[in-house]
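Residues 70 to 254, numbered by this note's numbering, are exactly what the sequence shown covers, in order.
These are calculated hints, taken from the structure and not from any lab test. A quick note: this is a predicted structure, and the numbers were derived from the prediction, not measured. Backbone N, C-alpha and C fix where the C-beta goes; we use that ideal spot for every residue, glycine too. Any given hint could turn out to be false.
[Unchecked claim] Straight-line Cα separation of at most 27 angstroms, DSS-like style, residue types lysine-lysine; simulated pairs:
#1 K240 to K202
#2 K124 to K156
#3 K80 to K115
#4 K80 to K124
[Claimed, not checked] Pair ranges (Cβ atoms, derived):
#5 Q119 to T140: 42 to 50 angstroms
#6 E198 to V93: 32 to 40 angstroms
#7 E112 to E244: 25 to 33 angstroms
#8 T87 to R155: 16 to 24 angstroms
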Amino acid sequence: MQQIEADIIRKCKAGDKTAFRYVVQNCQGMVYSLSLKMLADIEEAKDVVQDTFIKVWQNIGSYDDRYGFNTWVYTIASRLCLDRMRKVRPIGPSGEDERIFETVADDSDPERQLESSEWVSVVKVMANELSGKQKLVFTLSQLEGLETEQIMEITGLDADQIKSNLYAAKKNIRERLIKMGYGKD
């Protein structure tokens, strides 16, 4: 993930739409990745990407450059995801999701890249029973590879809350894997 340069941000604050287009091009992948992993719905993820950049454009003047720009964008996207998760009734995994998960889990090729529809199925299966905070912390830490300090800035949680939510998420996922026959009791 490439950090946006200060001069690009200054141009955006001044209303430069070309500079903002650069921001969108450089950040949309990370926002889509987070949104898809959180929401497990391709269309919802696309909507969150669009809503995130609308909010970024509307609020860029209040961006505090003491904080990482990407962290600020992640914060906006994660809050939008949590809002959508509260509003939309969660859709549990279907039999087809379970079959796709088993196919992906049994794939021994480590280079294989998951396509969006397969990823949605995996997320639905594994994170179905996680709370919003657990899912957010797990996604940011384990799937997006962010450090605890960044997660603290994004979520507003302290380090102990992050550790607690991450522990609960991992425990839940481990239990689901054992129920499905992957791993030992």
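Against the structure, the hints come out as follows:
1. K240 to K202: holds, 14 angstroms
2. K124 to K156: holds, 19 angstroms
3. K80 to K115: holds, 26 angstroms
4. K80 to K124: The given pair, whose Cα atoms are some 17 angstroms apart, holds under the 27 angstroms limit.
5. Q119 to T140: 42 to 50 angstroms: violated, 20 angstroms
6. E198 to V93: 32 to 40 angstroms: Holds, at about 34 angstroms.
7. E112 to E244: 25 to 33 angstroms: Check passed, 30 angstroms falls within 25 to 33 angstroms.
8. T87 to R155: 16 to 24 angstroms: violated, 36 angstroms
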